[in-house]
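**Student:** Residue numbering for the sequence shown follows my numbering, starting at 1 and increasing by one per position.
One should not assume that every hint holds.
As the list claims (entries may be wrong) - Each computed EDC-like pair below joins lysine to aspartate or glutamate, with the alpha-carbon atoms no more than 20 Å apart:
1. 7 x 70
2. 79 x 5
3. 9 x 107
4. 135 x 161
5. 79 x 4
6. 123 x 165
7. 67 x 161
8. 9 x 93
9. 79 x 142
10. 7 x 161
11. 135 x 5
12. 124 x 165
In short, the hints are calculated from the structure, not lab data.
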Amino acid sequence: MTLDEIKQKLFDNRTRLYCILDGVLVPDLPNRLYSGQIPSYCLFTGDLPPDMVYAAPYLAYLSPDSKFADWVLSEGIGKHWGIFIHSRRSIIEMRRHFTALTQVYDERGNPIRFRYYDPRVLKKFLPTCNGGELKLLFGETDALFAESDDGATVIRYRIADGKLETRLLNEER
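The task is simple: from the sequences and hints, build the whole structure.
**Tutor:** Here it is, written out as structure tokens:
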């Protein structure tokens with residue numbers, strides 16, 4: 001898909017478009033967000049050591065006319081940089097929701113990082129979820145988006161009648 005095709009499919013005037021980008025994979029992400037004056041928040045809380053600042057996931061608002069959005073959509077798709085979100089909620093509300101999901105606990109109660117914002121993880125995890133787990137993950141979002149395995153298109157995930165609905169964006173009219 002071309003940049004214009006991706007933007008046409010992702011941007012919707014009825015909802016906001018956010019992304020969660022993985023600082024491990026996106027070059028110089030904190031500085032790009034800051035220098036571009038992009039509304040964004042780190043999803044790891046507390047005082048982070050410098051190396052974690054650059055490895056952390058960041059929630060960012062994308063506007064259709066933003067050079068940053070063009071850069072993310074043209075350079076990041078196919079490189080597993082992150083996921084995209086449709087929501088009518090504010091970035092503060094989205095930050096609260098998605099920050100809570102970054103840490104989960106193993107069977108012994110030990111905290112571990114949950115990299116749901118990696119499209120490869122999200123695509124494998126979502127089909128295993130029951131209705132309650134989907135509701136917890138989606139929260140107040142309308143849809144989640146991740147690149148396809150080959151990076152040729154984007155997959156939309158949403159909840160319909162309590163079940164996961166999946167659709168390739170290049171199949172939508």
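**Student:** Each hint: holds or not?
**Tutor:** Do the hints match the structure? See the list:
The hinted pair formed by residue 7 and residue 70 meets the criterion: a straight-line CA distance of about 8 Å does not exceed 20 Å. With a C-alpha separation of about 18 Å, the suggested pair residue 79 and residue 5 falls inside the 20 Å cut-off, and the hint holds. Taken as a hint, the residue 9 and residue 107 pair is broken in the structure, with Cα atoms around 40 Å apart against an allowance of 20 Å. For the hint pairing residue 135 with residue 161, the CA-to-CA distance comes to about 11 Å; that is within 20 Å, so the pair holds.
Under the criterion of a C-alpha separation no larger than 20 Å, the hint pairing residue 79 with residue 4 is consistent with the structure, at around 18 Å. Using a Cα cut-off of 20 Å, the hinted pair residue 123 and residue 165 holds, with the two alpha carbons roughly 12 Å apart. Proposed proximity of residue 67 and residue 161 is contradicted: the alpha carbons are some 37 Å apart, above 20 Å. Taking the CA atoms of residue 9 and residue 93, the gap is about 24 Å. The hint is violated against a cut of 20 Å.
For a cut-off of 20 Å, the pair hint linking residue 79 to residue 142 is broken: about 24 Å separates their Cα positions. Pair hint residue 7 plus residue 161 does not hold up; C-alpha atoms about 27 Å apart against a cutoff of 20 Å. For a cut-off of 20 Å, the pair hint linking residue 135 to residue 5 is broken: about 29 Å separates their Cα positions. For a cut-off of 20 Å, the pair hint linking residue 124 to residue 165 stands: about 14 Å separates their Cα positions.
Of the numbered hints listed earlier, those contradicted by the structure are 3, 7, 8, 9, 10 and 11.
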